[in-house]
Structure formats: C-alpha cells, structure tokens
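Q: Given these sequences and hints, build the entire structure.
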Amino acid sequence: MALETDGFAIPELAEEHRMVRDLVARFVERDLMPLEPAVLKRESEGGRYGLTPEEEAPLLARAKELGLYGLDVPEEFGGADLPVSALMAIEEEMGRTVTPFIFPPDSPNLHMLLAVANAEQRTKYLDPYARGEMRSSIAISEPGAGGDPAGMTTRAVKDGDHWVINGRKIWVSGVPRADFIILMARTGEGKRQEGVTAFIVERGTPGFVIEREIPMIGGRRTYELVFEDCRVHERQILGQLGAGYAPMQLRLNVRRLQMGARCTGMARRALEMLCEQAKNRTTFGVRLADRQAIQWWIAEAATKIHITRLMVRDAAAKMSAGQDVRTEASMLKVHATEMAQEVLDNAMQTFGAMGMTKELPLQLMAAQVRVQRIYEGPSEVHRMAIARRFLKERG
Amino acid sequence: MKLLVPVKRVVDYNVKVRVKADHTGVETANVKMSMNPFDEIAVEEAVRLKEKGAATEIIAVSAGPTACQEQIRTALAMGADRGILIEHDGILEPLAVAKLLKAVIAKESPDLVILGKQAIDDDMNATGQMLAALLGWPQGTYASKVEPADGGIKVTREVDGGLERLQLKLPAIVTTDLRLNEPRYASLPNIMKARKKPIETLKPADLGVDVSPRLTVLKVEEPPKRQAGKKVGSVQELVEKLRNEAKVI
Ligand SMILES: Cc1cc2nc3c(=O)[nH]c(=O)nc-3n(C[C@H](O)[C@H](O)[C@H](O)COP(=O)(O)OP(=O)(O)OC[C@H]3O[C@@H](n4cnc5c(N)ncnc54)[C@H](O)[C@@H]3O)c2cc1C
Ligand SMILES: Cc1cc2nc3c(=O)[nH]c(=O)nc-3n(C[C@H](O)[C@H](O)[C@H](O)COP(=O)(O)OP(=O)(O)OC[C@H]3O[C@@H](n4cnc5c(N)ncnc54)[C@H](O)[C@@H]3O)c2cc1C
Numbered sequence: 001m002a003l004e005t006d007g008f009a010i011p012e013l014a015e016e017h018r019m020v021r022d023l024v025a026r027f028v029e030r031d032l033m034p035l036e037p038a039v040l041k042r043e044s045e046g047g048r049y050g051l052t053p054e055e056e057a058p059l060l061a062r063a064k065e066l067g068l069y070g071l072d073v074p075e076e077f078g079g080a081d082l083p084v085s086a087l088m089a090i091e092e093e094m095g096r097t098v099t100p101f102i103f104p105p106d107s108p109n110l111h112m113l114l115a116v117a118n119a120e121q122r123t124k125y126l127d128p129y130a131r132g133e134m135r136s137s138i139a140i141s142e143p144g145a146g147g148d149p150a151g152m153t154t155r156a157v158k159d160g161d162h163w164v165i166n167g168r169k170i171w172v173s174g175v176p177r178a179d180f181i182i183l184m185a186r187t188g189e190g191k192r193q194e195g196v197t198a199f200i201v202e203r204g205t206p207g208f209v210i211e212r213e214i215p216m217i218g219g220r221r222t223y224e225l226v227f228e229d230c231r232v233h234e235r236q237i238l239g240q241l242g243a244g245y246a247p248m249q250l251r252l253n254v255r256r257l258q259m260g261a262r263c264t265g266m267a268r269r270a271l272e273m274l275c276e277q278a279k280n281r282t283t284f285g286v287r288l289a290d291r292q293a294i295q296w297w298i299a300e301a302a303t304k305i306h307i308t309r310l311m312v313r314d315a316a317a318k319m320s321a322g323q324d325v326r327t328e329a330s331m332l333k334v335h336a337t338e339m340a341q342e343v344l345d346n347a348m349q350t351f352g353a354m355g356m357t358k359e360l361p362l363q364l365m366a367a368q369v370r371v372q373r374i375y376e377g378p379s380e381v382h383r384m385a386i387a388r389r390f391l392k393e394r395g
Numbered sequence: 001m002k003l004l005v006p007v008k009r010v011v012d013y014n015v016k017v018r019v020k021a022d023h024t025g026v027e028t029a030n031v032k033m034s035m036n037p038f039d040e041i042a043v044e045e046a047v048r049l050k051e052k053g054a055a056t057e058i059i060a061v062s063a064g065p066t067a068c069q070e071q072i073r074t075a076l077a078m079g080a081d082r083g084i085l086i087e088h089d090g091i092l093e094p095l096a097v098a099k100l101l102k103a104v105i106a107k108e109s110p111d112l113v114i115l116g117k118q119a120i121d122d123d124m125n126a127t128g129q130m131l132a133a134l135l136g137w138p139q140g141t142y143a144s145k146v147e148p149a150d151g152g153i154k155v156t157r158e159v160d161g162g163l164e165r166l167q168l169k170l171p172a173i174v175t176t177d178l179r180l181n182e183p184r185y186a187s188l189p190n191i192m193k194a195r196k197k198p199i200e201t202l203k204p205a206d207l208g209v210d211v212s213p214r215l216t217v218l219k220v221e222e223p224p225k226r227q228a229g230k231k232v233g234s235v236q237e238l239v240e241k242l243r244n245e246a247k248v249i
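Chains A and B, in that order, are what the protein sequence lines are.
To convert, note that position 83 of the first sequence is 83 in the UniProt record's numbering; the numbers rise steadily by one, no gaps.
To convert, note that position 77 of the second sequence is 77 in the UniProt record's numbering; the numbers rise steadily by one, no gaps.
A couple of the hints might just be wrong.
[To be verified] Here are the simulated PhoX-like cross-link-like pairs (lysine-lysine), alpha carbons at most 20 Å apart as the crow flies:
1) LYS50/B with LYS169/B
2) LYS279/A with LYS16/B
3) LYS2/B with LYS225/B
4) LYS197/B with LYS2/B
5) LYS20/B with LYS99/B
6) LYS2/B with LYS20/B
7) LYS64/A with LYS193/B
8) LYS52/B with LYS154/B
9) LYS279/A with LYS225/B
Read the hints as simulated data drawn from the structure, not as lab findings.
Please read these numbers as outputs of a predicted model, since none were measured by experiment.
A: Below, the structure written as structure tokens:
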C-alpha cells in the first residue's frame, strides 16, 4: 500500500523490514528475556540494573553475527541504514523486555553528529561511534534549566584558540561509560536559543568533573557534572558557533519517536501478561477474564496500543519524507508514556499482590515509564508546545 | 550437488489454532504465518551442506498462495540461492504437492531433495514418501543426521530400537526430524541480500499437473475440552472414584 497524498494511509513495513523485525523479536524472546530473572533479582537486592560483562559479551557477539549493529547508521559508515519505520518496529520489540541491551551504537547522538560533524570530527568521533566502539552522552540540563533548556547558564569564553567552560550540568545519563560528551554551553550574548554552542568534551579533559551519581527509580542513574575552567580547543566545537540548538532538537525528535515505540512494546508485554493472568485466575468462582472490569482494561489497552503504533508509523513515515515532525513527536511523547503507564498499572492490578513484587518485570517497566514522562521534556511542556503550535497555525 | 528444498507456509507454531465457524478447516485469516519448522530444519541442513562444500546450489520451492513468497524469501535469507513459487489458491493435498515437486525436479534435476518430515498444520507426513515413490528414488525419512559419503549420502534415523543408518545413492529424498539441527536466524545483511535473489513463479498448469483434491473433508472440530481435575481426600476415595466414576479399574 502506498502512502496517500493526504498522509493518512500508513504504509506497511516492507517485506525485508518485517523479516528484520521478526529477527529482533526472536532475539528478544530467546536471548534477552531469559536473562530477566537474573536482572530483576540483582536490581531488587539493591544491585545495579544492568547486565554483567559475562552476560553482555555473548549478546554483543550474537548481535554482531546477526548484523544488528549500526541499524540506523548510513551505509557509508558501514551501517544498515534502515528507514525510521523499520527502526521503530525494532524498538517496539526491544520494549517488550526489561533486560537492558542496546544494539550499538546507542544512537541518538548519531543524528546530531551526522548533521553537523566536520571531516576531522567524523574520523575521530563519528566513525568509531557508528561502529559501536565509542559511547557518548549529552549534557543539556542544568539545575536551573531543564524542561526549558534555553535558560541554561553554563558559559564558554574564548581564550586564543581555546574555549574555557564554566558551569554545572545535571541529570546526565550514561556518563561513566561515555568516551566523550556533547556539552551545550552559551558562547554568545543572544538570549534563549541564540548563542548556544555544542562542544565535544572528551572524558578526562581537565576541569570536567563528575560531581556525583544520582540514583533514580526504574534502575536509572544520572550524573551531576561540574566544569571548572575546562579548556577545550576550538576544533571541539560541533557545528556552527552559536547555532547548537537546532541540531540538538534534531536528536530529541528521534528520541521521542523511539520512546513512543518502546512504550508500545512495554504495553504489549503488559497486556500479554494481563491476559494470561486473567485467563488463569479465578476469584469468587469466576475467571478474571470473564469480569467486565478486566475486559474493559483489555479492550482499552488493545485499542490504545494500536493507536500508539499508528502514531509511531505516521511520524516515522513523515520523518523519512523529510517533514517537520516536532508536533507529532510531542504528541507521541505525551500519549505513549501515559498510555503505557495506564496499561502497566492495570496489569499490575490484575496480578494482585504478585503484581507488587519485584519478581515480575511490570514494576520495573512502570518505574521506567514514570521516568520517561520527565526526560526529553515533561508531558506538560509537550502539551504546551502542541497547543502553542496549534494556536499559531490558526492565526 | 544441487539441492531442492520444498518449504510450506503454515500457521505459526506459537499461534493457538482456531477452527473456522463453518467447520471446513482452521482459521488462517489474520493469523501469523511462518515457514513449517521442519522445513526450516531442511533449509538449514541444505545451507550447511553448501557451507561444507558438498552442495553447489540450493533452490527453495513453495506451493500455495502468492504470500508463500514470504517463506521462500526466508529460505533465501537463510542461504538458499533462488526460489520457485508454484502459485495456487485452493487446497493442495500431499499427492498434488508431490506431483508438482516431481515436475519441478524434471526441470531442475536436483541430486537431493530435503523436505520436512511433516507440516505442523495437517501433520500428514506423506509428501516426501509420495515424492520418492513417484520418482522411484531412495528415501531417508526422519533424518537426525545427514552426511555426504561415498558419492551418495548417509542418513541416520532415530527408530524405536536405536539408530538406523542408511546409505542412499543419489538422487535421493531426505525428510528431516527435529534433532537434525537447530536452524539459524537469518542475519540482517542476508535478509537484505535475499531481496535481490530471484523467485520464479509458475502455475500448476505450467507444470502440467492436476492438483484437484482427492480427499473430502467432512468436518473439522476442536478437540474435546479437558475436564477440570478433582481433588480427593483419601486413597479410599480415589479408588472408589476410579472404580465407580471413571470405571477404569
Ligand atoms: C532518567 C533521566 C535521564 C536524563 N538524562 C539526561 C541527559 O542525558 N542529558 C540531559 O541534559 N538531561 C537529562 N535529563 C534531564 C531531563 O531532560 C529534564 O529532567 C527534563 O527536561 C525536565 O527538566 P527539570 O527536571 O529541570 O524539570 P523542570 O523544568 O523544573 O519541570 C518540572 C515540572 O514543572 C512542570 N512544568 C515545567 N514547565 C512547564 C510548563 N511550561 N507548563 C506547565 N508545566 C510545566 C512540569 O510538570 C515538569 O515536570 C534526564 C532526566 C531523567 C529523569
Ligand atoms: C504489601 C502487601 C502486604 C500484604 N500483607 C498480607 C498479610 O500480612 N497477610 C495476608 O494474609 N495477606 C497479605 N497480603 C495479601 C493481600 O491481602 C492480597 O494480595 C489481596 O487480598 C489481593 O489478593 P491477590 O493478591 O490474591 O489478588 P487476586 O485476588 O488474584 O486479585 C487480583 C486482581 O483481580 C481483580 N479482581 C479480583 N476479584 C475481582 C472481582 N470480583 N471483580 C473484579 N475484579 C476482581 C482485581 O483487579 C485484583 O487486584 C499483602 C499484600 C501486599 C501487596
């Protein structure tokens, strides 16, 4: 089925992309899900939410053997260059498990690097990153500027052919394993979005301090970073001086679509578990599956999962066609996270006390979705953005 | 050695099959379809023979609706070289399929045909044997091991009393059992490569085969529901129930 000109008919995934999705679905079921009990046990006992090197190594080897590296990396960098719709179908499958595993590279920064990295930065950072040999983080948020990052105050001042950075960043993910971070800082006099520049700062650069680790719900950890007279060479500027904001946004759109797909996968898993329990559990002489209260949860969940998947597909098709999907990405961010939260909560409720245990993946998924309602922009900020654009279009 | 591997499109093994409301068969509309698992094993074995250097070409063939292309494509992604689709929309009984395969074999002259021992939809367990009979070729069914040996192939079969080893002259027919191998996942690059491999489409008429059904299905029904179990309080009660209710002792 072809995409209609009015944009309503959402194209089917191509046959080969369905096959790749099915390949990933198998990988999730056969390779990732069996690790869940160990992952959940460690986390419930206060250990790290993550895989041990012994658990992760064979998965990475398997992913490599199956060609599941660099899924969204352009062919010139040796990647599979899958279209957004196929990537999102894969993301949905990955959302079905709480076993934390990412097909390298962890790609959101890829899009920003691809858009603006110069030749030297491509060789030094983008190539190894695209091969999955380097990892990176992005530092945007500050104690005084999160949902409204344009209010950031971290500043870089020119000193010869270097820039001297001072300021504080917070809630930054993945810092300890990052070989470099993309740091957003003010370099100009402009207000808000103007005068914000992206710098590539390598781990170990003097003056770049990891102040503390901040444990969060959902097994997450973020970091507070301090920059004290941190000197970086001007060739570390990523993109145009004073024009770092727009490419940073580019990165966020991809991430928001991904979150939509991931939430769809989590909700699917929750619904599957809910149905299984409802069929097997009898209270007051009646199967839970025969109660209207439970049936309506199932009906709502199935409907909303379908809606969310269509929203992801639609946004993906538009993104591939080069359209501006900021509004779709915002709608998806809000809808998908709230949808998954509701489905997970109903699934946990259906399991009764069992649903409250740390033996089931549901509680961990629920905490993860809870966190997702904050990062990459809180729901309220996205609602504001949707409404503002909507009002503006209507004069 | 040239290999032919027939692959069948069946309801995915994870799907709980439902009988159609009119009792003419099982529901396949809106149901996930996959390659018959025993055929996957057949493709895997063929690919391994090729990787060992014992085979030169692998042709995957499927008979059924246009959608069977998906199963052929899966075989191509696993490592088959080209595909043949024999397009037909109605029922295809094992004898019809065996005749179609015989006609394809006449065109392609493979040295070895590897089939699944049965398809998980109708569990007929007949196509391989019928094909061997139609061709007058030797057959090694329920293979748990296949090795090229002495210009032919050696097939190990798991039989009641132990292992039976057959030495077959080529051309020959082999059908696969579960323990023959564990099929690989087709890798992403191979899935992409499969897109470019050719699939030839034929009709039964092109092969001069009459595929009209010879069997009449009277009625397809769900198996009877299992009764819920009962808890008994004592051995006496158990014995009493087995004698008087179940009437088995
Ligand atoms: C797990 C996790 C990982 C993160 N990883 C990173 C990272 O790698 N790099 C990075 O830079 N940042 C990261 N963040 C930070 C994240 O982007 C910010 O937390 C987020 O943008 C919100 O900013 P804030 O926490 O300062 O909340 P604030 O901006 O203070 O907002 C707090 C609340 O106020 C309300 N609110 C705010 N604005 C409005 C409005 N306009 N209208 C109505 N209500 C409003 C909302 O309810 C919002 O939740 C991460 C956060 C989390 C939780
Ligand atoms: C923290 C905690 C502490 C506890 N401490 C104790 C304790 O000290 N002692 C003790 O004996 N027990 C304890 N419990 C057990 C608790 O009382 C039970 O979990 C609770 O009664 C629910 O039973 P269940 O878990 O078997 O869920 P189920 O009875 O299986 O119910 C599961 C779900 O099915 C649905 N459902 C059930 N019946 C109906 C219906 N008729 N109509 C519609 N929907 C229905 C509901 O959504 C319900 O949440 C504790 C539980 C927790 C979580």
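Q: Look at each hint and say if it fits the structure.
A: Right, here's what the structure says about each hint:
1. LYS50/B with LYS169/B: Cα-Cα ~19 Å, so holds.
2. LYS279/A with LYS16/B: Between LYS279/A and LYS16/B the Cα gap is close to 14 Å, so the pair holds against 20 Å.
3. LYS2/B with LYS225/B: Distance ~48 Å between LYS2/B and LYS225/B Cα, so the pair is violated.
4. LYS197/B with LYS2/B: Holds, at about 17 Å.
5. LYS20/B with LYS99/B: 29 Å, violated
6. LYS2/B with LYS20/B: 41 Å, violated
7. LYS64/A with LYS193/B: 17 Å, holds
8. LYS52/B with LYS154/B: 15 Å, holds
9. LYS279/A with LYS225/B: Roughly 15 Å between the alpha carbons, so the hint for LYS279/A and LYS225/B holds.
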